[in-house]
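The task is simple: from the sequences and hints, build the whole structure.
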Amino acid sequence: MNMRMTTSAAMACGLLAVATAASAASDGPVCGLNTGEPATGAPIKVGGINGNAPPGDFSGGTDAAAAYFRCVNANGGINGRPINYIVDNDQWNPELAGQIASRLVVDEGVVALVGNGSVVEMAVNAQLYADEGVMAMASGCAISECFESSNIVSTNQGPLPSGIGALKFAIEELGTEHAACIGFNIPNNGGWACDWMNRYMEENGLRGTSILMDPTSVDLNGTYLQAIASGADTILLMLPAGPAIGLLGVAEEQAGRDMFNWVSPTPLYDPGVTEVLGDYWDGHIYINIELNQFDSDGADNHNWIAVMDAYGRPGDRRDTFSQSGYLSAKFFVEALLELDPEAIDRPSVTEAIKGIVGAESDLLCGPYYVGEADRHMPNYRGRMVVFRGGAFELVRDCYDIETAYLEPILKQERRLGLRD
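Numbering (the numbering used here), first residue to last: 17 to 436.
Bear in mind the hints are in silico, worked out from the structure with no lab data behind them. Check each hint, because a few of them may be wrong.
[Unchecked claim] DMTMM-like, lysine to aspartate or glutamate: derived pairs with alpha carbons at most 20 Å apart:
#1 Lys61 - Glu354
#2 Lys427 - Glu53
#3 Lys370 - Glu429
#4 Lys61 - Glu350
#5 Lys61 - Asp104
#6 Lys427 - Asp390
#7 Lys61 - Glu358
#8 Lys370 - Asp356
#9 Lys61 - Glu161
#10 Lys370 - Asp104
#11 Lys427 - Glu388
#12 Lys370 - Asp147
#13 Lys427 - Asp416
#14 Lys61 - Glu148
#15 Lys370 - Glu354
#16 Lys370 - Glu161
#17 Lys370 - Asp123
#18 Lys370 - Asp390
#19 Lys370 - Glu388
#20 Lys61 - Glu124
#21 Lys61 - Asp356
[Claimed, not checked] Here are the simulated distance ranges between beta carbons:
#22 Glu189 - Val373: 30 to 40 Å
#23 Gly374 - Gln270: 47 to 57 Å
#24 Ser364 - Asp274: 40 to 50 Å
#25 Ala359 - Glu418: 38 to 48 Å
#26 Gly258 - Glu418: 44 to 54 Å
#27 Ser166 - Glu219: 24 to 34 Å
We put the CB at the ideal spot given by N, CA and C, even for glycine.
Following this line, the structure appears as structure tokens:
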């Protein structure tokens, strides 16, 4: 009993030191206990899975989580215990995704997964995570299973709320009446998101059309012609950045910019996109962003950059998934620092993660939470930027969306006391 009280007191002092250091730090990263001393105790195994292969690189989340964990390990770890972060790439291959998850969860016995970003692994592994009682604090979700599973929670929005956020802006600011949602013909990705886009348009007395491409045989010219034939006044680019830029290139070749309003969920908000778009698209591309701007003036955004500068590796992505991976790792570490370090195991970690309620960050527009639920989507409020003057300019700060999809999410927030 006395030992437990002493441990709790030490942890409380450690957390106070973190808060004090965070408020004082300005020239370096703040991570975990921030002691400046390396952790030397027994390692805590944590897993991470990313998808990095054509047509998209989702490794930003695990890149940033790895950098944050390296920083934590150099600054006292989890009350003396370092994190052993084991990451693998599913290469957008369902069979490989299942093998990796089984190795991490069953063979390695990780206490949790953090920073996951993939289009396939959540669909393959959601049931495994539930069966094994392990939580995945993801950072790059893009499919329905990621948001409709008991043991997966992500700090990124995903295409559904980000796409609806883009449409809400387009209706209110650009006069959209008929939107064509262009995505991949993947039922739990493009089909799922575009179906909800169409429902959102119909709920507002407007019209939506889905144009879905075969991901194994992408025909951008044919897709663009379908958009013209649909009679839509707005194109919603429900695509990874590469195919979205390719479609914009087709439109530019055919002088089609002014035929549509052009809006997109987050994937087009990428540091390299501004160099590709050029003057032709200046003032014509509007993007809903899931987290704050890369140059925003907030403590977590500054710390994300400092962590990546000090502990990232050459080639690590600095994108929205990276911001999200940083946040997932930070919230994970804060939860573990509340535990007795000698008693950390999968059940205690799962309970600690599910106990996260009302965590805040300047990167988010609302509180982050988990709780006990069949589905999780704590991040659904976004911001809107426009491509202008060779950069992304904020045109609408944090705002809510209204969709029937959020009904169970809002009920969860009421149960947790996060809304009236």
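Against the structure, the hints:
Annotation: proposed proximity of Lys61 to Glu354 holds, straight-line Cα distance about 17 Å (limit 20 Å). Between Lys427 and Glu53, the direct Cα distance comes to roughly 43 Å. Violation of the 20 Å bound is thereby established for this hinted pair. A threshold of 20 Å between alpha carbons decides the hint, and for Lys370 with Glu429 the separation of about 13 Å falls inside it, so the pair holds. Between the alpha carbons of Lys61 and Glu350 the distance comes to roughly 16 Å, so the proposed pair stays at or under 20 Å and holds.
Only pairs whose Cα atoms come within 20 Å are accepted, and Lys61 paired with Asp104 is accepted, the gap being roughly 14 Å. Taking the CA atoms of Lys427 and Asp390, the gap is about 12 Å. The hint holds against a cut of 20 Å. Under the criterion of a C-alpha separation no larger than 20 Å, the hint pairing Lys61 with Glu358 is consistent with the structure, at around 14 Å. Taken as a hint, the Lys370 and Asp356 pair is honoured in the structure, with Cα atoms around 17 Å apart against an allowance of 20 Å.
Proximity of Lys61 to Glu161 is assessed by CA-CA distance (about 25 Å); at most 20 Å being required, the pair is judged violated. Pair hint Lys370 plus Asp104 does not hold up; C-alpha atoms about 25 Å apart against a cutoff of 20 Å. As the CA atoms of Lys427 and Glu388 are separated by approximately 12 Å, the hinted pair is consistent with the 20 Å bound. Straight-line distance between C-alpha atoms of Lys370 and Asp147 comes to about 16 Å, which keeps the hinted pair within the 20 Å bound.
For the hint linking Lys427 to Asp416, the alpha-carbon distance of about 16 Å falls within 20 Å, and the restraint holds. At roughly 15 Å between alpha-carbon atoms, Lys61 and Glu148 fall within 20 Å of each other, so this suggested pair holds. Between Lys370 and Glu354 the alpha-carbon distance is near 13 Å, which keeps this suggested pair within the 20 Å criterion. Restraint check: the Cα-Cα separation between Lys370 and Glu161 comes to about 18 Å, which is no more than 20 Å; the hinted pair holds.
Pair hint Lys370 plus Asp123 does not hold up; C-alpha atoms about 24 Å apart against a cutoff of 20 Å. Between Lys370 and Asp390, the direct Cα distance comes to roughly 12 Å. Compliance with the 20 Å bound is thereby established for this hinted pair. At roughly 6 Å between alpha-carbon atoms, Lys370 and Glu388 fall within 20 Å of each other, so this suggested pair holds. Taken as a hint, the Lys61 and Glu124 pair is honoured in the structure, with Cα atoms around 8 Å apart against an allowance of 20 Å.
For the hint linking Lys61 to Asp356, the alpha-carbon distance of about 16 Å falls within 20 Å, and the restraint holds. Take Glu189 and Val373: their Cβ atoms lie about 34 Å apart, and the range 30 to 40 Å holds. As the Cβ distance of Gly374 to Gln270 is approximately 49 Å, the hint placing it in 47 to 57 Å holds. Under the hint 40 to 50 Å, the C-beta atoms of Ser364 and Asp274, about 58 Å apart, miss the expected range.
Range check, Ala359 to Glu418: Cβ separation about 44 Å, and the 38 to 48 Å hint holds. Between Gly258 and Glu418 the CB atoms are about 31 Å apart, so this pair departs from the stated range of 44 to 54 Å. Take Ser166 and Glu219: their Cβ atoms lie about 28 Å apart, and the range 24 to 34 Å holds.
Checked against the numbered hints above, the structure violates hints 2, 9, 10, 17, 24, 26; every other hint is satisfied.
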